[in-house]
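> Just so you know, the protein sequences line up as chains F and E, in that order. Per UniProt numbering, the first sequence runs over residues 1 to 542. Per UniProt numbering, the second sequence runs over residues 1 to 542.
A couple of the hints might just be wrong.
One copy or two, it doesn't matter: identical chains are merged, so the pair holds either way.
Quick list of in silico lysine-lysine cross-link-like pairs, PhoX-like style, CA-CA up to 25 Å [stated by the list, open to error]: (1) LYS416 to LYS129; (2) LYS129 to LYS278; (3) LYS502 to LYS517; (4) LYS192 to LYS362; (5) LYS502 to LYS72; (6) LYS371 to LYS36; (7) LYS244 to LYS135; (8) LYS125 to LYS58; (9) LYS72 to LYS219; (10) LYS502 to LYS435; (11) LYS126 to LYS278; (12) LYS460 to LYS80; (13) LYS523 to LYS371; (14) LYS244 to LYS278; (15) LYS278 to LYS125; (16) LYS192 to LYS36; (17) LYS126 to LYS523; (18) LYS541 to LYS517; (19) LYS196 to LYS541; (20) LYS140 to LYS362; (21) LYS502 to LYS135.
Note that these hints are calculated values from the structure, not bench results.
Number of protein chains: 2
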Amino acid sequence: MKKLKFGLSAIGLAVGMAATGISLPVVAGGPSLSEKDFEEANLMYFQRCAGCHGVLRKGATGKNLEPKNMLKKGQARLEKIISYGTEGGMNNFDDIFTKDQISKIATYIQMDPPVPPEMSLDQMKKLTKQFVPLKDYPTKPLHGRNWENFFVVIERDAGKAAIVDGDTKEVIDHIDTGYAVHVIKGTEHHKKDHAKDVGRFWYTIGRDGKVNKIDLWQKPGKMLVAETQMAYDARDIAVSGDGKYVIAGGYWPAHFVIMDAETLEPLKVVSTRGYNTKGEFINEARVAAIYTAPNESAFIVAVKETGKMLQVDYSDLDNLTITAIESAEFLHDGFFDPSGRYFQIAANASNKMVVVDTKDAKLEQMIDVDKLPHPGPGANWIDEECGPVGGTTHLGVGLVSVWGNDPINHPDQAWKLCYEVETDGAGVFIRTHEKSDYVWADQLKHPEPEVQQSVQVFDKKTREIVKTIRVTEDEGKAALHMEFNQDGTEVWVSVWNRADAKNPTGEIVVYDAKTLKEKTRIKGLTTPTGKFNVFNRANHKT
Amino acid sequence: MKKLKFGLSAIGLAVGMAATGISLPVVAGGPSLSEKDFEEANLMYFQRCAGCHGVLRKGATGKNLEPKNMLKKGQARLEKIISYGTEGGMNNFDDIFTKDQISKIATYIQMDPPVPPEMSLDQMKKLTKQFVPLKDYPTKPLHGRNWENFFVVIERDAGKAAIVDGDTKEVIDHIDTGYAVHVIKGTEHHKKDHAKDVGRFWYTIGRDGKVNKIDLWQKPGKMLVAETQMAYDARDIAVSGDGKYVIAGGYWPAHFVIMDAETLEPLKVVSTRGYNTKGEFINEARVAAIYTAPNESAFIVAVKETGKMLQVDYSDLDNLTITAIESAEFLHDGFFDPSGRYFQIAANASNKMVVVDTKDAKLEQMIDVDKLPHPGPGANWIDEECGPVGGTTHLGVGLVSVWGNDPINHPDQAWKLCYEVETDGAGVFIRTHEKSDYVWADQLKHPEPEVQQSVQVFDKKTREIVKTIRVTEDEGKAALHMEFNQDGTEVWVSVWNRADAKNPTGEIVVYDAKTLKEKTRIKGLTTPTGKFNVFNRANHKT
Ligand code: DHE
Ligand code: DHE
Ligand code: HEC
Ligand code: HEC
């Protein structure tokens with residue numbers, strides 16, 4: 001049988017993947033590609049499609065794209081779908097890919113999906129590097145800045161993380177990270193465990209599975225202190241309450257890895273492959289959200305395709321205890337309630353918010369919401385009628401759903417829908433702050449630029465939208481992801497220069513949290529997406 | 001690509017396997033087989049070789065048999081090895097297979113191993129049958145026999161379990177089970193949980209993954225009350241302390257399944273695929289020994305290839321808590337110490353006995369022993385010098401190793417080798433009884449008939465072999481596996497009619513436990529291997 005490399009080596013994306021050969025998977029009677037074209041299509045698929053449809057193409061957010069279904073559609077229909085997208089949530093790609101490329105991808109998905117290689121702990125260890133030895137770590141900040149109001153900002157397509165001084169609004173560093181960092185998390189305050197210098201160290205996870213450690217006490221230019229790689233494809237990361245461990249989850253291979261937070265040395269790898277709630281075996285059981293439970297010595301690991309929330313006790317890695325909490329598919333993104341006991345996570349394909357009780361390590365409740373809930377960092381606030389509530393945006397509909405989340409003092413409202421707010425367009429991120437009267441929602445999923453470039457703000461009291469803010473009017477740019485500053489007086493919104501992704505033409509727009517008026521624009525950023533305020537994230541201001 | 005069925009359907013072995021096609025896996029430049037011959041070789045391999053070498057041929061007890069290694073050896077050398085075996089533990093197969101069959105298997109192992117299909121919970125549910133409805137279960141024994149001294153006896157190649165009355169020595173039933181039942185377990189006394197009618201219900205697990213439920217209170221002919229199938233290839237089973245659940249482990253797929261002990265309805269399936277102690281991903285991570293911890297509401301599941309002992313809390317299946325205790329490869333067979341707290345299991349390829357503390361769910365110790373330890377049901381007794389001890393036979397050497405197993409009152413001797421007894425040949429099973437002065441060891445692994453047909457008995461006081469008992473002299477028969485009767489006055493040894501496996505020419509030889517003299521022979525059994533005395537197994541007399 002002819003062997004073909006799983007060629008992600010093309011952009012040096014996947015160290016080690018080139019080593020293992022795979023077979024050229026032509027389905028009998030189906031179309032085929034040359035090895036070179038197959039490799040190109042494979043890479044494009046991995047970078048642009050696999051996140052929604054899966055490497056093995058079994059489907060998740062996107063539909064199943066196995067040959068048995070694709071052959072029925074045929075080349076022409078597939079090219080059309082990929083070029084122009086569909087009503088049901090499939091993006092258009094005619095702005096990113098050439099006609100020729102789209103034709104290759106359309107052929108590629110009519111062939112059997114190649115299975116990418118595994119990654120062993122040894123491989124990860126070989127990819128671990130120290131840029132600054134532990135003994136040279138400073139004992140106090142080497143700059144005079146208020147680092148607790150720093151924002152760590154993803155510059156997606158530049159493969160960088162920018163550090164922005166929240167007081168002065170200066171971009172003080174652009175740190176080289178892996179390809180398309182997806183999430184960045186730092187050490188946080190914890191009820192039982194105590195990390196040193198909370199908020200000082202930040203850890204990035206890239207789509208390529210690279211993990212970078214950032215030390216905010218270092219001088220700009222020196223902040224990148226260590227690196228490793230724990231998968232070929234990954235999305236989320238977290239730091240243990242004691243600051244000793246970092247955990248990151250793989251989309252491929254389907255596993256999570258616990259690393260030494262000092263050196264990033266990988267210590268433990270645990271497979272998440274297993275059975276879904278229907279009892280079917282899932283090889284591509286990807287790790288979506290990962291958090292540290294604020295009150296327990298445990299990580300919370302959401303396994304997307306199996307609908308299982310894993311509560312992983314990190315107090316003894318050699319005798320690792322995991323509770324697998326059955327919920328619903330496909331688990332994606334979540335956030336804790338204000339007490340830190342309950343984790344609220346979207347099971348998007350089930351149109352549910354799943355609530356896990358981390359005190360008893362069990363399912364607390366499942367709340368029916370609208371199409372494809374997606375809270376991003378999430379939002380908790382107090383509603384006059386329902387008491388403490390949580391809220392989410394939806395990928396599938398312009399709507400914010402709000403539910404009670406205080407079972408102790410408001411048992412009648414707890415885990416029930418309190419109210420809904422209609423927005424102009426489907427969104428990805430919701431955000432608020434305890435000092436703010438407002439809740440902010442973006443509309444990233446809406447196809448029309450006017451809506452996609454606007455965020456909407458509603459009043460916690462009246463539950464009415466009070467302002468629609470057009471964040472940018474530039475073609476090819478989108479508005480997304482809100483983050484408050486340290487004292488809750490400002491809201492920062494990203495302008496993602498999607499079309500001009502190679503240049504620093506993205507920006508962050510800063511709004512006054514009270515007047516909702518624009519204060520300033522921070523320029524010189526390349527494709528800024530997520531951003532993380534040190535103080536708010538370390539103190540669970542969600 | 002041509003599709004070929006994973007054809008275990010030939011003997012109806014694997015219901016459901018025929019449904020999924022696999023590709024005919026010819027290695028470039030390597031030899032190949034017709035589809036028909038491939039299917040035949042595949043079946044022979046699955047039945048006779050996979051247990052030691054693995055379905056995916058990565059190696060375990062036997063070596064790696066992947067094409068990259070096999071192609072180097074070539075057809076002629078491979079045929080020789082398969083025909084005549086090797087010194088290092090590879091059996092000869094010239095007595096079981098024809099020259100032509102051996103040639104096909106030799107070619108087969110030079111081709112890529114086909115991956116058998118998965119099995120979903122739904123498939124298992126469809127294979128679940130009630131022969132006697134729950135409402136018709138008797139409320140007391142329907143026969144006047146002393147059922148607590150029954151022996152449940154495996155008739156391996158007949159696909160039956162015989163029920164032998166230990167008082168009268170009558171074979172009162174031959175129950176139809178799956179193909180080659182491997183282990184049978186019943187409800188047991190438990191420190192925390194309490195099952196009804198302890199010792200009444202017995203559960204068989206076959207090599208084909210079939211599970212049968214036997215009710216010893218029924219009249220002969222009516223004892224088989226339910227059936228299911230939980231894998232295509234399996235070895236061990238256990239019943240929860242409260243008698244509510246049955247758990248069985250798969251060799252393929254690599255998972256364990258928890259069933260309702262009343263109906264055998266499969267409730268939960270958990271994959272055991274994961275990383276070994278070196279951090280390499282193992283797809284074929286087979287479940288070997290499964291037990292219920294006598295003092296905890298937990299199952300103990302040994303995952304052979306990953307070297308992980310899983311302690312599975314069965315008190316909440318929806319929020320299933322598992323502690324994965326890292327130990328050594330390849331975990332195989334084990335037994336509890338007399339306190340019921342410590343599980344002692346062979347990690348055979350590491351030449352270690354692994355000890356797990358089920359109270360704290362952690363690794364207690366690893367004891368270095370000789371080549372390939374294999375205790376079977378195991379043996380615990382009191383040594384004058386070392387205090388409470390455990391012992392094991394070895395597959396790789398004629399030796400019984402004995403270690404201290406009482407860390408509370410004999411901490412200096414605990415988990416250290418106390419002494420060794422040389423036997424004439426490598427064996428598989430060791431056994432004793434608290435009322436007996438002797439320890440019995442078989443020598444099943446020795447190639448010479450005189451030794452293989454003899455068991456050896458040593459004195460607990462003198463530590464010396466006091467008797468070598470030739471159990472049979474018939475050609476083609478082997479002696480194996482000892483079991484005491486209810487009051488400890490008799491020892492039963494199986495005579496396995498290997499060569500004449502289709503006929504009831506096997507027997508059980510009963511010895512006086514004190515005088516070591518033969519008392520009687522129970523005839524009319526087809527290939528008896530393991531046997532399980534109701535009282536001793538229910539009361540942890542190991
Ligand atoms: C698992 C996961 C998390 C962690 C959730 C949590 O911590 O609760 C997450 C969080 C995030 C966060 C962190 C939010 C926060 O404030 O904590 C951001 C900024 C983000 C920006 C994007 N995400 Fe994300 N994201 C995925 C996965 C995830 N994203 C996908 O699988 C998906 C749908 C498709 C893909 O191929 O990646 C996807 C698309 C996107 C985007 O298109 C965004 C907008 C830009 C990008 O980087 O591609 N995701
Ligand atoms: C996992 C496992 C157990 C459970 C151990 C425990 O409970 O602690 C077990 C127990 C057993 C027990 C239960 C012992 C007891 O008293 O509890 C018996 C009788 C037994 C007869 C055999 N076993 Fe067994 N056995 C395997 C697996 C296992 N056997 C194999 O993988 C192997 C090596 C090769 C194979 O392909 O099956 C194998 C060969 C054999 C035999 O050749 C024996 C002698 C006859 C047969 O059935 O094939 N095994
Ligand atoms: C943001 C998520 C997302 C991404 C990224 C994505 N898709 Fe989709 N895709 C979807 C969704 C959701 C659907 C279902 C749309 C519908 O039902 O209208 C879909 C549908 C499809 C379909 C039609 C399937 C059918 O049976 O109707 C094809 C083909 C397809 N996608 C191919 C691709 C390819 C190729 C890529 C990458 C170049 C890609 N998709 C990227 C979400 C995505
Ligand atoms: C009881 C366990 C067991 C069974 C069953 C078994 N083998 Fe083996 N096999 C071994 C062991 C152990 C070795 C290593 C022997 C040695 O090193 O001398 C081995 C070695 C081999 C080798 C030589 C590998 C090498 O690289 O040297 C081949 C080929 C082989 N086995 C094929 C088979 C086939 C085919 C079957 C079934 C028809 C089979 N085995 C059944 C245990 C087993």
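> So which hints don't hold here, by number, going up?
Hints 1, 3, 5, 6, 9, 10, 12, 13, 16, 17, 20, 21 contradicted; others consistent.
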